[in-house]
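Visitor: Chain residues, written in single-letter form:
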Amino acid sequence: MGVDIGAHDTLPEASEHPVEYRRVYVWELPVRVYHWINAVALVTLCITGYLIGAPIRAFYAAEAYQQYWFGWVRFIHFFAAFVYLFNFAARIYWGFVGNKYAKWRSFFPLKPSQRQEMVDVFKADVLQVKLHGPISTGHNSVAGFIYFLTFLAFVAQSITGFALYSSMSTSWLPRMFVWIVPLMGGEFGVRFWHHLFLWFFVSFIIVHVYLAFYHDYIEGRGTISSIVGGWKFERENRDK
Amino acid sequence: MGLSIWQSMQQKGYSRRDFLQFCSAAAIVAGLKETGVAQVVSAFEKKEKPAVVWLHFQECTCCSESFIRASHPIVADALLDVLSLNYTETLMAASGFQAEKSLNDTIRDHKGKYIVLVEGAVPTGADGVYCMIGGKTAESILQTVAADAAAVVAWGSCASNGCVQAAKPNPTGATPIHKLVNKPVINVPGCPPIADVMMAVVTHLLVLGQLPALDSLGRPKEFYGRRVHDTCYRRPNYDAGLFVESFDDENARKGYCLYKMGCRGPVTYNACSVVKWNEGTSYPIQSGHGCIGCSEEGFWDNGPFYQHLPSFPGFGIESTADTIGTVVGVATLAGVAAHAVVTNVRKQKVIAEVHSEEHKEQ
Amino acid sequence: MARVVVDPVTRIEGHLRIEAVVENGVITDAYSAGTMVRGLEKILIGRDPRDAWAITERVCGVCTGIHALASVRAVEDALGIAVPPTAELIRNIMTGVLNVQDHVVHFYHLHALDWVDIISALKADPKKAAELASSYSKWDKNTASYFSAVQDKIKAFAASGLGIFANGYWGHPAYKLPPEVNLIGVAHYLDALEWQKEIVKVHAVFGGKNPHPNYLVGGVPCSINTDEVSAINSERLNLVARLIAQADEFINEVYIPDLLTIASFYKDWANYGGGLKNYLAYGEYPTRGYGQPESFKYARGAVLNRDLSTVHPVNPRDTQEIKEYIAHSWYSYEGGDNTGLHPWAGETKLNYTGPKPPFETLAGYEKYSFLKTPRWKENPMEVGPLARIIVSYAAGHADVKELVGQTLGKLNVPVGALFSTLGRTAARGIDAQLAMTWLKEFFGQLMERVKIHEVSTFNGERWEPKSWPADAEGVGLAEAPRGALAHYIKIHNGKIDNYQLVVPTTWNGSPRDVKLQRSAFEESLIGTPVAKLEEPVEILRTIHSFDPCLACSVH
Ligand code: HEM
Ligand code: HEM
Ligand code: NFV
Ligand code: SF4
Ligand code: SF4
Ligand code: F3S
Ligand SMILES: [Mg+2]
Numbered sequence: 000m001g002v003d004i005g006a007h008d009t010l011p012e013a014s015e016h017p018v019e020y021r022r023v024y025v026w027e028l029p030v031r032v033y034h035w036i037n038a039v040a041l042v043t044l045c046i047t048g049y050l051i052g053a054p055i056r057a058f059y060a061a062e063a064y065q066q067y068w069f070g071w072v073r074f075i076h077f078f079a080a081f082v083y084l085f086n087f088a089a090r091i092y093w094g095f096v097g098n099k100y101a102k103w104r105s106f107f108p109l110k111p112s113q114r115q116e117m118v119d120v121f122k123a124d125v126l127q128v129k130l131h132g133p134i135s136t137g138h139n140s141v142a143g144f145i146y147f148l149t150f151l152a153f154v155a156q157s158i159t160g161f162a163l164y165s166s167m168s169t170s171w172l173p174r175m176f177v178w179i180v181p182l183m184g185g186e187f188g189v190r191f192w193h194h195l196f197l198w199f200f201v202s203f204i205i206v207h208v209y210l211a212f213y214h215d216y217i218e219g220r221g222t223i224s225s226i227v228g229g230w231k232f233e234r235e236n237r238d239k
Numbered sequence: 000m001g002l003s004i005w006q007s008m009q010q011k012g013y014s015r016r017d018f019l020q021f022c023s024a025a026a027i028v029a030g031l032k033e034t035g036v037a038q039v040v041s042a043f044e045k046k047e048k049p050a051v052v053w054l055h056f057q058e059c060t061c062c063s064e065s066f067i068r069a070s071h072p073i074v075a076d077a078l079l080d081v082l083s084l085n086y087t088e089t090l091m092a093a094s095g096f097q098a099e100k101s102l103n104d105t106i107r108d109h110k111g112k113y114i115v116l117v118e119g120a121v122p123t124g125a126d127g128v129y130c131m132i133g134g135k136t137a138e139s140i141l142q143t144v145a146a147d148a149a150a151v152v153a154w155g156s157c158a159s160n161g162c163v164q165a166a167k168p169n170p171t172g173a174t175p176i177h178k179l180v181n182k183p184v185i186n187v188p189g190c191p192p193i194a195d196v197m198m199a200v201v202t203h204l205l206v207l208g209q210l211p212a213l214d215s216l217g218r219p220k221e222f223y224g225r226r227v228h229d230t231c232y233r234r235p236n237y238d239a240g241l242f243v244e245s246f247d248d249e250n251a252r253k254g255y256c257l258y259k260m261g262c263r264g265p266v267t268y269n270a271c272s273v274v275k276w277n278e279g280t281s282y283p284i285q286s287g288h289g290c291i292g293c294s295e296e297g298f299w300d301n302g303p304f305y306q307h308l309p310s311f312p313g314f315g316i317e318s319t320a321d322t323i324g325t326v327v328g329v330a331t332l333a334g335v336a337a338h339a340v341v342t343n344v345r346k347q348k349v350i351a352e353v354h355s356e357e358h359k360e361q
Numbered sequence: 000m001a002r003v004v005v006d007p008v009t010r011i012e013g014h015l016r017i018e019a020v021v022e023n024g025v026i027t028d029a030y031s032a033g034t035m036v037r038g039l040e041k042i043l044i045g046r047d048p049r050d051a052w053a054i055t056e057r058v059c060g061v062c063t064g065i066h067a068l069a070s071v072r073a074v075e076d077a078l079g080i081a082v083p084p085t086a087e088l089i090r091n092i093m094t095g096v097l098n099v100q101d102h103v104v105h106f107y108h109l110h111a112l113d114w115v116d117i118i119s120a121l122k123a124d125p126k127k128a129a130e131l132a133s134s135y136s137k138w139d140k141n142t143a144s145y146f147s148a149v150q151d152k153i154k155a156f157a158a159s160g161l162g163i164f165a166n167g168y169w170g171h172p173a174y175k176l177p178p179e180v181n182l183i184g185v186a187h188y189l190d191a192l193e194w195q196k197e198i199v200k201v202h203a204v205f206g207g208k209n210p211h212p213n214y215l216v217g218g219v220p221c222s223i224n225t226d227e228v229s230a231i232n233s234e235r236l237n238l239v240a241r242l243i244a245q246a247d248e249f250i251n252e253v254y255i256p257d258l259l260t261i262a263s264f265y266k267d268w269a270n271y272g273g274g275l276k277n278y279l280a281y282g283e284y285p286t287r288g289y290g291q292p293e294s295f296k297y298a299r300g301a302v303l304n305r306d307l308s309t310v311h312p313v314n315p316r317d318t319q320e321i322k323e324y325i326a327h328s329w330y331s332y333e334g335g336d337n338t339g340l341h342p343w344a345g346e347t348k349l350n351y352t353g354p355k356p357p358f359e360t361l362a363g364y365e366k367y368s369f370l371k372t373p374r375w376k377e378n379p380m381e382v383g384p385l386a387r388i389i390v391s392y393a394a395g396h397a398d399v400k401e402l403v404g405q406t407l408g409k410l411n412v413p414v415g416a417l418f419s420t421l422g423r424t425a426a427r428g429i430d431a432q433l434a435m436t437w438l439k440e441f442f443g444q445l446m447e448r449v450k451i452h453e454v455s456t457f458n459g460e461r462w463e464p465k466s467w468p469a470d471a472e473g474v475g476l477a478e479a480p481r482g483a484l485a486h487y488i489k490i491h492n493g494k495i496d497n498y499q500l501v502v503p504t505t506w507n508g509s510p511r512d513v514k515l516q517r518s519a520f521e522e523s524l525i526g527t528p529v530a531k532l533e534e535p536v537e538i539l540r541t542i543h544s545f546d547p548c549l550a551c552s553v554h
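Protein chains in written order, with numbering that gives the first Met the number 0: chain A, 0 to 239; chain B, 0 to 361; chain C, 0 to 554.
Pulled out of the complex, with its shape left as it was, chain A reads as follows (with noise of 0.2 Å):
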């Protein structure tokens, strides 16, 4: 368990304890691609979402049917919409066949010791008072109830943008969504959530590519390495 920072007035020295470490094979392939294709859609879809919202001033000197500029954006959020939706619903696929780290219940906080754990990772990730929290081999239950909420927000996100999307294709996905329209108040209630969830997503991005570094820096385990290599490296001994 963690250790109050007060407590501790010397710091001793690392080398007199050799660590063994090993490693763990925590994020499968299918975890890591999906990990690095929902990177990659999510950022584009952001980039052109906004772009769609507030079209930049660009490329005025020319007649319109000289460019289609905007039409390539708009494309390449419908692209990115659909990789992004089909690598999600494989994601939720694996979420019941992968391994333990990659289930769907490491990432509610069902267990006493999980929320014990959200409490610890708060205070050790945020406030700093205990420097170090819990170290989850997997993701800890902070992280994963974040994730988790990221989730939600991605099907909000799929809902509100395939409703936009059924307004103009005929083909049978998009379509199925066409009910969600009028159940917002329209197409204007329906693109201002869709926009808004936008800084959503940024936050989120914001806050996490930092955290994996953070705790890759602080616990020095190869977080960073682990979403590409899939490896992690713990303690001989501790592996929950």
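Check each hint, because a few of them may be wrong.
Unchecked claim - With a straight-line Cα cutoff of 27 Å, these simulated DSS-like cross-link-like pairs (lysine-lysine) come out: (1) K253/B to K348/C; (2) K348/C to K135/B; (3) K137/C to K259/B; (4) K137/C to K409/C; (5) K355/C to K178/B; (6) K154/C to K100/B.
I should point out that these hints are in silico values taken from the structure, not numbers from a laboratory.
Knowing the structure of chain A, use the given hints to seat chains B and C with the ligands on it.
Guide: What follows is chains B and C with the ligands alone, placed relative to chain A:
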């Protein structure tokens, strides 16, 4: 009493050929194919001129005004030949007692067969006293008249979705018709609806004798199936990213897309960019102003009109999602940066802590 | 003593109830009640001032656009925005078109059936009608075959139930026209219905649609570019030119001749319906910017007691001049219901205290209408075409004087005849003719500006709320078809803090004030004879002569 439309045309000296011509024009209006003409003719030959009642509640009467701008058929012909408009406060000769008589006679003599066109919303606040006609509340009149109607049409945004009087804070409890009557209502939104669309809805009902196909909001698909944006002639400019940046700038003078001036065309279902207004003369965008979304529910509360997204109340002037988003984004960045600085300042200690923790547990 | 109730008053805009007290066949007292309210003044609060034109435009679809104009003027006044001259011209054209169209629709479709007996038209000799019509008009449709076709139409129509003409007061002794004139009236009723949809295409050209064309704070939304297909170009201007020419013909060959012919049979109505003796006009059709009322085609001012020798200056900003009372209206004021408030300090708190519907009468109720009661220096004032003609006449505007003189000459009546039901209806015709003349003039000037490429239509200097002061107040005035219209706005931190409309029909149709002075509708009914209590066509004649608009008046 009533003559069939064919008989009444005969009396006026129209030949059958004229009549067929009239029918095919009407059929085109109603969106029929050539083969449907026979059906129209028989409908006209058999039917008496249908009794129609036009009710007026919380309105600005622009729907009536729009209706009389119809060009095919022109409204004089419609009034004299197509329908028997027995009650409309705007145009009827009778007033007061005699006007009420016209209404009551129609309800009695054409029970179950007359058509009700409603212009305006119905205020339900303060027991309905915010709109009273002949000493009766709008709501009670609506209920009485709608009860035995063959069909109810809600003209304009007022009757279909409440329109301006229902905008926040809706001081009189203005309510659209479909929320008050227990039968299907054809919503013909728009502030006002396009004259020729109104006429076409009437002809569709009277010529085909059936309800036009409606969407989930009760609007005729014929005219509300597409967004203004989908058929806007400025659309190529939108796709090319050529936008008006300020009214009457160089781009405005070239007719670029009005998206950045707040145009609601991308979120508005209406026929403006195809049917256009005033016999095809123009429509808002063609004359340089963005669409304000006048046929969409709640469009008054989606302002300011010159912004692409609405303002957030309580966040000061001009707070759109983007300003709030930027603030959140910057705050997040700042928080992260602060956190990083703190972490680095205490770097040694932090790392040591982590390791000492591990020692202890070992 | 009998109490005659007319509710609904039809062939007007909106929900009006008239209760008249008739003694020995003459009206001795009258109550005018507006029975529908929407609370738009409350809805405006907290919104972007640049959107106010669209919201206030929905006050009325009959005088469509004029509230939008008053609104953008109010905002421009508050923020100190000067509108480019080209935009001003286009606005003038829009206003002129509105007045012309509205007056024609009023004359034929809202007012004519008070004077024209449709059933009697069936007895007319179409040939004689054609001869008569051709004697005073060059309108090429005035032929015997045309009139007989119309007659057949109406016959068939009458046989199939009368539709909108059912249950009219047909055959009432007050109808005085010979069958031929009735037939001409009916024929032109139909023609006017067809024509009115044409002239409003001018609104569609510059404002995108009609009803409810688009306006813009700082100018007009349409750009002019004669090198571009999707701007106001030579094709659009040609269309406007043609529509104006058509309108000119209709006004001068149909509307005015009909008006004069019909009026000549009803000269006794120059004795009834005069009502108030005070007239108020804000002036209209700026020619050198809205800041310079002395350059307006119509003068601003007030005439009191029908004294044409003096035009009193009117200052809408002076908090002592214009005030609204609610002593007899279904509202309450913070400071007590007997106070009067200048519109900048105006309040709109609904407070219905009338009978619970369904009810038979409003008699005996202190408050009886949703209209507030505006007063100018405590005086009840009549507004409308008659008022603006009287004020400009008294102010010595030559073109107005000349046309008034001509018209009175043709009718062979003295100037005093203007102060009556008949005079009000005639003044509307004069107003339409003047608007038509000026419309042509403005259009000519617009073409001149297009020629020299002076085509800026928008001043965007104060477009962004960032450029506005934290607090500002403004007033926007206009001559609506029905008269003097004022919008008052207070802006705080870029949002509307208060917005009050004082509308023509509010002046004319309001309940009495705290001193029990009647407003125009009520006062004008006093002394009017009513031949048949159950068919009070006389009440309609006088009330219709004001062209009431109740949606406007209450808002
Ligand atoms: C998940 C991340 C996504 C983000 C951050 C995002 C962001 C945005 C933004 C900011 C806009 C502009 C809205 C406006 O201001 O009017 C937009 C438009 C749009 N988005 Fe997304 N979006 C995402 C996902 C999706 C998905 C999954 C779809 C599904 C097809 C989608 C479809 C659309 C459509 C149809 C539009 C409107 C484009 C137009 O009308 O031209 N988006 N998006
Ligand atoms: C830019 C958009 C990104 C998004 C939307 C994103 C999203 C996510 C999501 C949803 C997860 C949970 C994965 C799962 O369990 O299925 C995750 C995990 C992870 N991501 Fe990202 N990620 C992004 C970028 C990055 C980057 C740039 C890095 C590192 C350089 C990174 C490092 C990680 C790591 C290390 C995990 C493992 C989680 C843990 O240990 O708690 N991510 N990311
Ligand atoms: N009264 C009034 Fe209006 C007019 N003319 C408004 O300003 O009618 Ni609708
Ligand atoms: S929908 Fe619009 S146009 Fe029709 S009555 Fe209502 S406010 Fe007027
Ligand atoms: S002007 Fe409006 S409707 Fe037309 S393309 Fe641009 S955004 Fe769409
Ligand atoms: S504002 Fe209304 S008129 Fe048409 S273009 Fe937009 S729906
Ligand atoms: Mg008011």
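Visitor: Does each hint fit the structure? Answer for all of them.
Guide: Each hint tested on the structure:
{"no.": "1", "hint": "K253/B to K348/C", "result": "violated (47 Å)"}
{"no.": "2", "hint": "K348/C to K135/B", "result": "holds (23 Å)"}
{"no.": "3", "hint": "K137/C to K259/B", "result": "violated (51 Å)"}
{"no.": "4", "hint": "K137/C to K409/C", "result": "holds (17 Å)"}
{"no.": "5", "hint": "K355/C to K178/B", "result": "holds (24 Å)"}
{"no.": "6", "hint": "K154/C to K100/B", "result": "holds (22 Å)"}
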